[in-house]
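Need the complex rebuilt from these two chains, each delivered in its own frame; the hints are there to steer you.
Spelled out from the first residue to the last, the chains are:
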Amino acid sequence: MTAPSIATHLLTRVYGSQTALKDVTLSVEPGSVYALVGPNGAGKTTLIQLIMNLQAPTSGAAEILGLPSTRIRGGVLNRIGYISETQEMPDSMTVAAFLNYLRPFYPTWDHALEKQLLADFALPPTRELRHLSRGMRMKAAFASTLSYRPEVLILDEPFSGLDPLVRDELIQGLLDRIGETTIFLSSHDLAEIESFASHIGYLEQGTLIFSEEMVALSNRFRQVEFRSHESATPPANLPESWLEIEQSGSHVRFKDSAFTTQERLIAHIRTIFSGATEMAFEPLSLRSIFLANARTHRNTRAQSDRGAAK
Amino acid sequence: MHVWCIACINTLVTPFPITIQPGIPISDQIVYAAKRAIISGHLRPGEAFPSVRTLSRDLRINPNTAHRAVTELIDAGLLVMHPGIGTVVAMPPDSSPRERTRLLARQIEELVVEACRLGVDQEELVGSIAKQYRLLTPGRLGQAGG
Numbered sequence: 001m002t003a004p005s006i007a008t009h010l011l012t013r014v015y016g017s018q019t020a021l022k023d024v025t026l027s028v029e030p031g032s033v034y035a036l037v038g039p040n041g042a043g044k045t046t047l048i049q050l051i052m053n054l055q056a057p058t059s060g061a062a063e064i065l066g067l068p069s070t071r072i073r074g075g076v077l078n079r080i081g082y083i084s085e086t087q088e089m090p091d092s093m094t095v096a097a098f099l100n101y102l103r104p105f106y107p108t109w110d111h112a113l114e115k116q117l118l119a120d121f122a123l124p125p126t127r128e129l130r131h132l133s134r135g136m137r138m139k140a141a142f143a144s145t146l147s148y149r150p151e152v153l154i155l156d157e158p159f160s161g162l163d164p165l166v167r168d169e170l171i172q173g174l175l176d177r178i179g180e181t182t183i184f185l186s187s188h189d190l191a192e193i194e195s196f197a198s199h200i201g202y203l204e205q206g207t208l209i210f211s212e213e214m215v216a217l218s219n220r221f222r223q224v225e226f227r228s229h230e231s232a233t234p235p236a237n238l239p240e241s242w243l244e245i246e247q248s249g250s251h252v253r254f255k256d257s258a259f260t261t262q263e264r265l266i267a268h269i270r271t272i273f274s275g276a277t278e279m280a281f282e283p284l285s286l287r288s289i290f291l292a293n294a295r296t297h298r299n300t301r302a303q304s305d306r307g308a309a310k
Numbered sequence: 001m002h003v004w005c006i007a008c009i010n011t012l013v014t015p016f017p018i019t020i021q022p023g024i025p026i027s028d029q030i031v032y033a034a035k036r037a038i039i040s041g042h043l044r045p046g047e048a049f050p051s052v053r054t055l056s057r058d059l060r061i062n063p064n065t066a067h068r069a070v071t072e073l074i075d076a077g078l079l080v081m082h083p084g085i086g087t088v089v090a091m092p093p094d095s096s097p098r099e100r101t102r103l104l105a106r107q108i109e110e111l112v113v114e115a116c117r118l119g120v121d122q123e124e125l126v127g128s129i130a131k132q133y134r135l136l137t138p139g140r141l142g143q144a145g146g
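First to last, the sequence lines map onto chains A and B. Just so you know, we're using my numbering here: the first sequence kicks off at 1 and counts up by one. Just so you know, we're using my numbering here: the second sequence kicks off at 1 and counts up by one.
Just chain B, same shape as in the assembly (with noise of 0.2 Å):
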């Protein structure tokens, strides 16, 4: 039964800044939003995500597009599920910086792509990567700077 107290509340409530914006599928949206959370320490591994009900309640957003959402993140490693409690924050895969720059690798020359008709230089972007990454991993400033 649903009561109103501030329990009840609390488990209400997505813990990660999302704003659905109208016109890009909703489930995509919600993939961005957590790998950002999660990138940026806004979650930490161990720590609960919300559930696709509460996903759905808070956002207003069709369940089967949440369960989208939750299934898609299980399955890029960034969630785990643990029955009878629920899906947590994964710990960070164990993966080769080969590995790693290769999976960026279709971003990067978007990134690039988009830079030339843009007519941005390449000090400019490397500048503006970097300074993207001080706003969004201020714990990692050391490794990123290093």
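If we strip away everything but chain A, and leave its shape as in the complex, we get (with noise of 0.2 Å):
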């Protein structure tokens, strides 16, 4: 087995009072595009800077390309890519000064790459850093740092305040380093990141609430609607895994999150609803399943908070 790329293991963040970060373990394989998703304030930001050694954990560990992140520095470095929302960059350099200082740090910088992503992005050499825009940043930043070929890319909120155009752009710039290259990214636009994202993280309040294939996600959750001519509301005890559980009149809706085969769901559906009728199934997009996601645990945690006040 080969060793992951990224790995944390019970890997917490602890400012002041509040937890940012809790007990996170979750593996990047060689190879695999991990997108981490979550609400603002999940504690995306926290995780990367961590496994970038941005900030130092309260307890746990994480680890880059086999080293300890609190131990990478020098050699290492050159491998990983990072590449950040507020990407900080010498202002006054043109985009060809900034690639030319940029060079002779990596050993592995590729001279043709860098030209094809140059035109790729249609970015003028001439003109310097802070007087492009900010998509037009964000691919100078993308060509300087897909340049040197890291074995791992991590990306904090790549796409954020972009046009679609440029989002594509740098997609396909992703898209052609797959493979050879791991990349981790944090990102809201959840519809780009179901096309090319293999792997799955969702963060709620600072705990990873799930991790896995892109694939496996999709065939687990369904969006399930039926007649039920029982009762006017729903039935107690309904199985946790069934998601905004709905019902108006005789119609029931509600996405289930542990969907196997069709059989065994409407099976499952008729000891609970034993008249149900005109059942149908939808797949989900991964903005819905972020959603259900997002809601059941707003709402779990206010139940909760309410349940404390009482």
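Read the hints as simulated data drawn from the structure, not as lab findings. Don't take each hint at face value.
Among the chain A residues that face chain B by a calculated CB cut under 7 Å, a handful are [said to hold, decoys possible]:
id	residue
1	L175
2	S195
3	L284
Listed next, the stretches of chain B that the computed footprint assigns to chain A, with coverage defined by at least 3 CB atoms under 8 Å from CB atoms of chain A [said to hold, decoys possible]:
id	stretch
4	57-65
5	70-82
This one's a predicted model, so the numbers in the text were calculated from it and none came from an experiment. Using N, Cα and C, we set each Cβ at its ideal position, and we do this for glycine too.
Printed below as a string of structure tokens:
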């Protein structure tokens, strides 16, 4: 078995009285595209910064390319690419001067790839970085990072605030690197992520709720609708895996998060709603899966808060 | 190196209609779209099938997903890999009518179950099947109707 490109073990970060990240254990296989999703404030940036050793963990450990994060420096850094939403760059340099400046630091710098990226991204070499638009800046950051062919690429919200054309160009640049580079990114652009991520990790309030293959995730979620003439309100003790259960009149709708086969689900529904008819099952987009999880957790939290207040 | 020219653009296009829908595994969608293109004659035996890289770039999908779809189509006998040339659409297999029917048994059962659930009677169902047959395989109309 190959060693994971990134691994964390019970990674925890506490700021004062607030736990930003709690016992996160995950593993990112070489060559995969791992997308970290979750509501704002879920701890995505904290997790990335702990992996990159930009912060120290309160407890637990992170590893990148087989090395503890707290020990990454020098040679290993040349094998890692890191781009964040708020990328800092030497603003007074031109695009060409910036690339000239970086090139000698990286023994693996690929000159042909650099030229190709400049052309693909339509980057103006003679323009100063401070005069670049947000999209152009991000493209300059991508070109300067992809050019040294990092083994691991860590991207913190790379597409946020960018127009669809720029997003598409950046994704194209990433697609060409898939396989030789392990990609770990956080993003809210779920439609884009869905088509090229191989793995999804979902963070909520500092806790990693799930971490699995995109295909497995799509396969276990289904929107279910049926008619039931038995009662006007949903019965108690419904399975926990049924999210966002709604009933209006005889029409019942929910999202199953533990779907295996239609036969099994039909049998399961009939144990609770014996007269269920007109059942329909629809796959869910990553966006719908995200919303179902985020809403369910928010409601659970609100309920436990109310419980605590009593 | 990547140069923007007409020839390059041509090689980057997937030669059959496909729109990726969210929620359904993408490799399944490609396999289905390719099967549809092959049976409807949109892609003919011997014709080149897009490479993994072309599929990935054109559809903006993970190359591993594209690879999975191509492998599945090869395993199903719909594509053949010619080293050095690439992947091409295979000649239709010589299978007995009984064998072919057996391959469809599960889908037919599902279709009948679904039809019963929706209250579609046999005549209506057979009618829709015939209509769909005409739409997808205009060239084979004589055989299908015979």
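Structure-based check of all given hints:
This hint holds: L175/A has a C-beta 5 Å from the nearest C-beta of chain B, less than the 7 Å allowed. Below 7 Å, beta-carbon pairs count as interface contacts, and S195/A has one with chain B at about 5 Å; its hint therefore holds. Proximity of L284/A to chain B holds as hinted, the smallest CB-CB distance being about 5 Å (cut-off 7 Å). Counting residues of the stretch 57-65 of chain B whose beta carbon lies closer than 8 Å to any beta carbon of chain A gives 8, which reaches the threshold of three, so the coverage claim holds.
Remark: the stretch 70-82 of chain B is not confirmed as covered by chain A, as 0 of its residues place a Cβ nearer than 8 Å to a Cβ of that chain, below the required three.
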